[in-house]
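> Construct all of the structure, not just a fragment, from the sequences and the given hints.
Protein chains: 2
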Amino acid sequence: MLISELGTPALVADSAAIDRNVATMAAVRPGSALRPHVKAHKCTALACVQAEAGHTTFTCATPREVIGMTAAGLGDDLLLANETVDPQRLQAMARLDAAVTVAVDSEATIAAAASAGIRRCLIDVNIGLPRCGIAPGEAGRLADRARQAGLEVRGVMGYEGHLMMVADRDQRRDQVAAAMALLLQAHADVGGDIVSAGGTGTFDLHDLDGGDGVTEIQAGSYVLMDSHYGTLGLPFEQALHVVGTVISVGDGFAVADVGLKALGMDHGNPSIAGGKVWFCSDEHVTFTPDEPLAVGDRVRVIPAHVDPTMAMHPALWLVRGDEVIDRWPIDLRGW
Amino acid sequence: MLISELGTPALVADSAAIDRNVATMAAVRPGSALRPHVKAHKCTALACVQAEAGHTTFTCATPREVIGMTAAGLGDDLLLANETVDPQRLQAMARLDAAVTVAVDSEATIAAAASAGIRRCLIDVNIGLPRCGIAPGEAGRLADRARQAGLEVRGVMGYEGHLMMVADRDQRRDQVAAAMALLLQAHADVGGDIVSAGGTGTFDLHDLDGGDGVTEIQAGSYVLMDSHYGTLGLPFEQALHVVGTVISVGDGFAVADVGLKALGMDHGNPSIAGGKVWFCSDEHVTFTPDEPLAVGDRVRVIPAHVDPTMAMHPALWLVRGDEVIDRWPIDLRGW
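Protein chains in written order, with our numbering: chain C, 1 to 335; chain S, 1 to 335.
Possibly wrong hints are sitting among the right ones.
Stated by the list, open to error - Distance windows between CB atoms, simulated:
no., chain 1, residue 1, chain 2, residue 2, range
1, C, Gln171, S, Glu138, 51 to 57 angstroms
2, S, Thr231, C, Met1, 44 to 50 angstroms
3, C, His162, S, Ala273, 23 to 29 angstroms
Hints were generated in silico from the structure; no laboratory data involved.
Source: prediction; values computed, not measured.
Cβ coordinates follow ideal geometry from the N, Cα and C atoms, glycine included.
Here it is in C-alpha cells:
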C-alpha cells in the first residue's frame with residue numbers, strides 16, 4: 001500500500017528516520033544508560049525497536065503502560081516514573097511476571113505500593129519542576145520509611161522538565177548541572193544503584209563533564225520528534241507526521257482534514273510542510289499553502305507535541321519512502 | 001459503584017445536568033429545529049437521550065460518526081457537515097441503511113460524493129469563518145452542478161464558528177444576523193428545504209426577530225458544556241468533568257493525575273473546582289488548592305474544550321449524585 005491510499009488523518013512514521021534516531025541515541029546512551037520513556041509513543045512495536053538497539057529497561061507513565069509492556073514481553077525492568085495510590089492498578093502491576101519499580105514521594109504512596117505487593121521503588125525528588133517529587137533534603141528519611149515498609153529502594157529519580165526547552169545549550173547544561181546537584185545530594189542520603197533523570201532535551205548534558213552521577217536518562221520523544229523539540233537543534237530528525245487530505249480550497253487558504261482531535265495542541269498549532277498554519281478546528285486545519293493546492297492533494301502535518309498526538313490515534317503507519325510497510329497499534333493508550 | 005471507586009482520570013457526566021441541558025435546548029429548539037452535532041460527545045448513548053427529547057436528525061463531522069450513528073439505530077437523517085473526497089468512506093456511507101446527506105463546497109467534493117453513490121447534499125457556504133464553504137455568490141451555480149451530477153440538493157449550511165465566542169450577546173446577535181444574510185442570499189440561489197447553521201454559542205440568536213430563515217441549528221456542546229462556553233452566560237450548566245486523584249502534595253501546590261492526555265488543550269488549561277491551575281503535563285495537573293488536600297483526595301477538573309476531551313476517553317461514566325449509574329462507551333471516536 002502507498003501513503004496516498006491511507007484514509008486520513010493518518011499517523012505516519014518514517015522507518016529510516018526512526019532507525020537513525022534510535023542509533024544516534026544509542027551511540028550516546030547505550031544499553032541501560034537509556035531507559036526509554038514509552039509515554040512518548042505508547043507503542044510496543046516501537047519499544048521493540050528500542051529493545052533491539054540494546055535498551056531493555058523502560059520508563060512508563062501509567063499502570064496501563066506497565067501492563068502492556070509486560071504483555072509484549074518487555075517487562076525485564078519497568079519503571080513507573082509516576083505516583084499512584086490506586087490499589088487495583090498497583091495490585092495488577094504487582095501480579096505481573098515482570099520487574100516493576102514505582103516512583104514514590106510520600107508516605108501515602110509508599111503505603112499504597114507496599115500494601116499492594118509492589119516490591120521496588122525509586123524516591124522521586126523535586127529538582128525544580130513543581131510537580132511530583134519530595135524535597136531533596138527529605139529524600140533520605142523517606143527512603144528509610146520505604147525500607148521499613150518492606151520496599152527495596154533502588155535509588156532516586158528527578159525530572160528536570162522545566163529545563164528541557166532552555167534554548168541555549170550552554171545555559172541548559174549549567175542549569176541541568178545545578179538540578180543534578182540536588183538529585184545527587186538526595187541520592188547520597190537515599191542510596192541504591194539508580195540515579196534516573198533527563199529527557200530528550202537534555203539527553204547529552206549528563207555525565208559528559210566528568211560524571212554527574214546520573215546512571216540513566218528517561219528520554220522518549222527523540223524517536224519520533226515534534227516541532228517543539230525541533231527548535232532545539234538536537235541531532236534527531238522529524239520521523240512523525242499526520243497525513244491529511246485537502247478537502248476545501250478558499251480564497252488565499254486551503255483546508256485539510258487534520259484537526260485538533262488528531263493533534264496534541266498543548267504546545268500550540270502544528271506545522272505544515274509547504275504551508276503556514278492559521279488555526280485548527282476539531283476536524284480541520286486552515287493554512288496558506290506555499291504553492292496552490294487542489295482538493296484531494298495530500299499534506300504533511302507535523303505535531304507540536306508528539307506524546308498526546310500518539311495517544312489520539314489507534315495505530316501508527318510505518319512507511320519507507322511512499323510505501324506503507326507496517327501498521328503498529330498504539331496499544332498502550334489509556335490508564 | 002461510587003465515583004470515589006472509579007479509576008482516574010475518569011470522564012464523568014451528571015445525569016440530571018444532562019437532562020436539564022437537553023430540556024432547556026428542546027424548549028427553544030424543539031424536534032428538527034435542532035440537529036444535534038454528535039462531534040461534541042461522540043457517544044451514541046448520549047445521542048439517544050437527544051433523540052428521546054425529540055431530535056431525530058443529527059449532525060456528524062466524520063464518516064465514522066455517520067456509520068456509528070446508523071449502527072445505533074439513529075440513521076433517520078444524518079448530515080455529514082463536512083467535506084470528504086475519500087471514496088471508501090463515501091461508499092461505506094452510501095451503502096448504509098440510513099438517510100445520509102453530505103456537505104459539498106466544490107466540484108471535486110460533488111464528483112466524489114456522486115460517484116460513490118451518495119444521493120443527497122447540502123451546499124456548504126462560507127459565511128465568514130475561513131474554513132470550508134463556497135462563496136455565497138457561487139452557491140447557486142454549484143447547486144446546479146450537484147443536480148447535474150445526480151445529487152438531491154436539500155439546501156444550504158453555513159457555520160458562523162467565528163462568532164460563537166463574541167462576548168456581548170447583542171453584538172453576537174448582530175454579527176450572526178449579518179452572517180445569516182449571506183447564507184440566505186445563497187439559499188435563494190440554491191433552493192431546497194434546509195438552511196442549517198449555528199452552534200451552542202448562537203443557539204437562540206436565530207429566528208427570534210421575525211425569522212432569519214434558518215431551519216435548524218447544529219449545536220452539540222450544550223449537552224455537556226466546557227469552561228470556554230461557560231464564560232458566555234448561556235442557560236446550560238457544566239455537566240462534564242474529569243475526576244482525578246491527588247497523587248502528590250508540594251509546598252504550595254498539589255498534583256492530580258489528570259493531564260493533557262485526558263483533556264482537550266486547544267482552548268487552554270482546564271479549571272479545577274476549589275483550586276487554581278498552574279499547568280498540565282502528559283499525566284499531571286499542578287494546581288493551588290483553595291483548602292489543603294491530601295494524597296488520595298479526589299478533584300473535579302473541568303475541560304476547557306469538550307469535543308476533543310471526549311475523543312480522548314474510551315467511556316463516559318454517568319453519575320447521579322455520588323453514584324455511578326451507567327458506563328457509556330465513547331463509540332464514535334476515530335474517522
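> Report the numbers of all earlier hints that the structure fails to satisfy, in ascending order.
none
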